[in-house]
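Peer 1: Residue numbers (my numbering), protein chains in the order written: chain A, 30 to 143; chain B, 38 to 155.
Treat the hints loosely; a few may be bogus.
[As the list claims (entries may be wrong)] If you want the footprint, here are the derived chain A segments under chain B, 3+ residues with CB under 8 Å:
(1) 72 to 85
(2) 125 to 137
[Said to hold, decoys possible] So the derived label-pair ranges between C-beta atoms look like this:
(3) A:Q71 with B:Q54: 25 to 31 Å
(4) A:P108 with B:R52: 33 to 39 Å
(5) B:Q54 with A:S47: 45 to 51 Å
(6) B:N108 with A:I89: 38 to 44 Å
(7) A:R98 with B:E91: 40 to 46 Å
(8) B:D121 with A:Q31: 19 to 25 Å
(9) A:S68 with B:T153: 18 to 24 Å
(10) B:G40 with A:H39: 30 to 36 Å
(11) B:T57 with A:S109: 43 to 49 Å
(12) A:S43 with B:Q55: 47 to 53 Å
(13) B:P98 with A:G45: 46 to 52 Å
[Said to hold, decoys possible] Okay, the calculated bits of chain B under chain A, using three or more residues with CB under 8 Å as the criterion:
(14) 76 to 89
(15) 146 to 155
Derived by calculation from the structure, the hints in this document are not laboratory data.
All values derive from a computational prediction rather than experimental measurement.
Ideal Cβ positions, reconstructed from N, Cα and C, are used throughout, including at glycine.
Each chain, written out:
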Amino acid sequence: AQSVTQPDIHITVSEGASLELRCNYSYGATPYLFWYVQSPGQGLQLLLKYFSGDTLVQGIKGFEAEFKRSQSSFNLRKPSVHWSDAAEYFCAVARRSNAGKSTFGDGTTLTVKP
Amino acid sequence: ETGVTQSPTHLIKTRGQQVTLRCSSQSGHNTVSWYQQALGQGPQFIFQYYREEENGRGNFPPRFSGLQFPNYSSELNVNALELDDSALYLCASSGGQGSPGIANTEAFFGQGTRLTVV
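Bound conformation, chain A alone:
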């Protein structure tokens, strides 16, 4: 069975500081990996995804993530955080070829200090 762990429930960073959100997954083969962002009471917006190829993927809003097979990790990074980045971030894993059947972590809440 696939699973996702996001070890950090809540992270606070200062505006302009760098950010890294951790994600570890468990899956028997090479998975599809995703990062989503959710504002309060809203749906999920896809930030980026990894299927194969280059292990460093670029997404929207200046985010990037690196797939490390040996560590079963897919950490999300941003070099300089903006106040508008404050939100809930979810990492997800899906079986190859069916992104609709995803398993999500419990999320990391990002607070941005002025």
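Start from chain A and add chain B according to the hints.
Peer 2: Quick look at chain B alone, frame taken from chain A:
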């Protein structure tokens, strides 16, 4: 916006009642997945519909059921509502021509329906 629309946006039901939630998939998508997101948790997969047939189900009881229509829109029905059913219900649209395994590399989520059971 993703082009996936859900209705209603909010509703309040009494324990024991039944509820129907609706989702219109994005144009060109033939697969709809439903998720339950309880407060403070990540979304949990309920089930998926592809070409009007259930295509996989998560760990949810039979009182959670669904339908998909020829235009690929979908409904989620929950019978005998319990207090723990209070959650944000998300619909995700994906897929293209062919099976869910083809061109199903991204899921587009609606804004969700907030269900409160009292």
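Peer 1: Against each hint, give a clear statement of whether it holds in the structure.
Peer 2: Hint-by-hint comparison with the structure:
1. 72 to 85: Three-residue rule met by the region 72 to 85 of chain A, so holds; n is 6.
2. 125 to 137: holds (count 11)
3. A:Q71 with B:Q54: 25 to 31 Å: Roughly 26 Å apart at Cβ, these two residues keep to the hinted range, so it holds.
4. A:P108 with B:R52: 33 to 39 Å: violated (49 Å)
5. B:Q54 with A:S47: 45 to 51 Å: holds (49 Å)
6. B:N108 with A:I89: 38 to 44 Å: violated (30 Å)
7. A:R98 with B:E91: 40 to 46 Å: With Cβ atoms ~33 Å apart, the hint is violated.
8. B:D121 with A:Q31: 19 to 25 Å: At 24 Å between Cβs, range holds.
9. A:S68 with B:T153: 18 to 24 Å: Holds: the Cβ-Cβ distance is about 20 Å, inside 18 to 24 Å.
10. B:G40 with A:H39: 30 to 36 Å: For G40 (chain B) and H39 (chain A) the Cβ distance comes to about 32 Å; the hint holds.
11. B:T57 with A:S109: 43 to 49 Å: Holds: the Cβ-Cβ distance is about 45 Å, inside 43 to 49 Å.
12. A:S43 with B:Q55: 47 to 53 Å: Given range 47 to 53 Å: holds, Cβ gap about 49 Å.
13. B:P98 with A:G45: 46 to 52 Å: holds (48 Å)
14. 76 to 89: holds (count 7)
15. 146 to 155: Holds: 5 residues of the region 146 to 155 of chain B have a Cβ under 8 Å from chain A.
Hints 4, 6, 7 from the list above are not met by this structure, while the remaining hints are.
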